[in-house]
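Peer 1: Fit chain B to the supplied structure of chain A, relying on the hints for placement.
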Amino acid sequence: MITGSVKRRNSFYWLFSILFFINCSSDPAIHSPEAYTVEIKQMKFQPSELVLQKGDTVIWINHDFIVHDVTEDPGKTWTSSAIQNGESWRMVVTESSNYFCNIHQVMKGKLLVK
Amino acid sequence: MNLVTRHSSIMMCLIACSIMLSVNAFAQNNPTLTDAEVASIAVVANQIDINYSQIAKKKSKNAEILKFAETMANDHNAVLGQAVALAKKLGVIPKDNAVSQKLNADAEKNNKMLNSKSTEAFDKAYIDNEVEYHKAVIAAIETLLIPETENQELKELLQNVLPAFKTHLEHATMVQHKFSTK
Numbered sequence: 001m002i003t004g005s006v007k008r009r010n011s012f013y014w015l016f017s018i019l020f021f022i023n024c025s026s027d028p029a030i031h032s033p034e035a036y037t038v039e040i041k042q043m044k045f046q047p048s049e050l051v052l053q054k055g056d057t058v059i060w061i062n063h064d065f066i067v068h069d070v071t072e073d074p075g076k077t078w079t080s081s082a083i084q085n086g087e088s089w090r091m092v093v094t095e096s097s098n099y100f101c102n103i104h105q106v107m108k109g110k111l112l113v114k
Numbered sequence: 001m002n003l004v005t006r007h008s009s010i011m012m013c014l015i016a017c018s019i020m021l022s023v024n025a026f027a028q029n030n031p032t033l034t035d036a037e038v039a040s041i042a043v044v045a046n047q048i049d050i051n052y053s054q055i056a057k058k059k060s061k062n063a064e065i066l067k068f069a070e071t072m073a074n075d076h077n078a079v080l081g082q083a084v085a086l087a088k089k090l091g092v093i094p095k096d097n098a099v100s101q102k103l104n105a106d107a108e109k110n111n112k113m114l115n116s117k118s119t120e121a122f123d124k125a126y127i128d129n130e131v132e133y134h135k136a137v138i139a140a141i142e143t144l145l146i147p148e149t150e151n152q153e154l155k156e157l158l159q160n161v162l163p164a165f166k167t168h169l170e171h172a173t174m175v176q177h178k179f180s181t182k
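As they're listed, the protein sequences go chains A and B. Each residue of the first sequence is one higher than the last, beginning at 1 in this note's numbering. Each residue of the second sequence is one higher than the last, beginning at 1 in this note's numbering.
Honestly, the hints are just simulated from the structure, not real lab data. Each hint should be verified, as a subset may be incorrect.
Claimed, not checked - Think about it this way: if two alpha-carbon atoms lie no more than 16 Å apart in a straight line, the pair counts; the simulated EDC-like pairs of lysine to aspartate or glutamate are:
hint, chain 1, residue 1, chain 2, residue 2
1, B, Lys89, B, Asp35
2, B, Lys67, A, Glu87
3, A, Lys108, B, Glu170
Said to hold, decoys possible - Partial pick of chain A residues on the chain B-facing surface, computed with a CB cut under 10 Å:
hint, residue
4, Gln42
5, Asp64
6, Phe65
7, Ile66
8, Val67
9, Asn85
10, Trp89
11, Val93
12, Asn102
13, Ile103
14, Met107
The model shown is predicted, which means the values in this text are computed figures rather than measured ones. Note that CB positions come from ideal geometry on N, CA and C, so glycine has one too.
Extracted from the complex, chain A is given alone in its bound form (with noise of 0.2 Å):
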């Protein structure tokens, strides 16, 4: 009857370290953070908006021959200053926030965090 019983016991423990593993190793909220490319070019940013999650990174790359910035909308609260043709800039993204282009006012962009 012992013996059952402590095998019973070890197989519920066994049982549920197994649920536990699987459990978190599918828990949304864990997140290994993903990289997403804005290209700037015709004047445009591509994509205009970007779904991501928070903590990925948003690279942007300048391929007008005109300079171009990524700045927060309307605050300004973060900026890239200038992007020369060829170069790019990266930020970790944490909220979601409207941009847009600080030199051509009428270039704009959106992320969503979700």
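Peer 2: Just chain B, lined up with the frame of chain A:
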């Protein structure tokens, strides 16, 4: 809108119409432009807007106008640099022609008009001129310069600068709207 402002706006429209009509007339009457002539028109058109921006830097006290003028100077200088580099690469020497002469003659009148404005009246006159000038240049690139260009690289350069000019027009229109509601 007061009488002076209305008069200024009408003058801007007339000047822009004059540029567009002269370009269109040229397109209809003289259907051939050499690549050297197209290159000259591209250089002149950019230089004219750089000159307007220099007048703005001298006369305006408005931060938004000064920033817009700075952007125009930088962007048109960048386009100019591309045009000159390509002409050099292709061995094309920009050649003066009826369209570039007409653009320069009209620009001379506009320079005088802008220089004659008071500080108060200048900002609106400048941004009105920028709107009309970009409309005229976009029309000229689309209807005359691109169709007339033989060399593929020169044609691609003209196609590549169009989005910048259209963005300038949109930006200028946005600034113009702020001045019209002041």
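Peer 1: Now tell me if each hint is right for this structure.
Peer 2: Outcome of the hint check:
no. : hint                   : result
1   : B:Lys89 with B:Asp35   : 13 Å, holds
2   : B:Lys67 with A:Glu87   : 23 Å, violated
3   : A:Lys108 with B:Glu170 : 13 Å, holds
4   : Gln42                  : 4 Å, holds
5   : Asp64                  : 7 Å, holds
6   : Phe65                  : 5 Å, holds
7   : Ile66                  : 5 Å, holds
8   : Val67                  : 7 Å, holds
9   : Asn85                  : 8 Å, holds
10  : Trp89                  : 18 Å, violated
11  : Val93                  : 25 Å, violated
12  : Asn102                 : 9 Å, holds
13  : Ile103                 : 6 Å, holds
14  : Met107                 : 7 Å, holds
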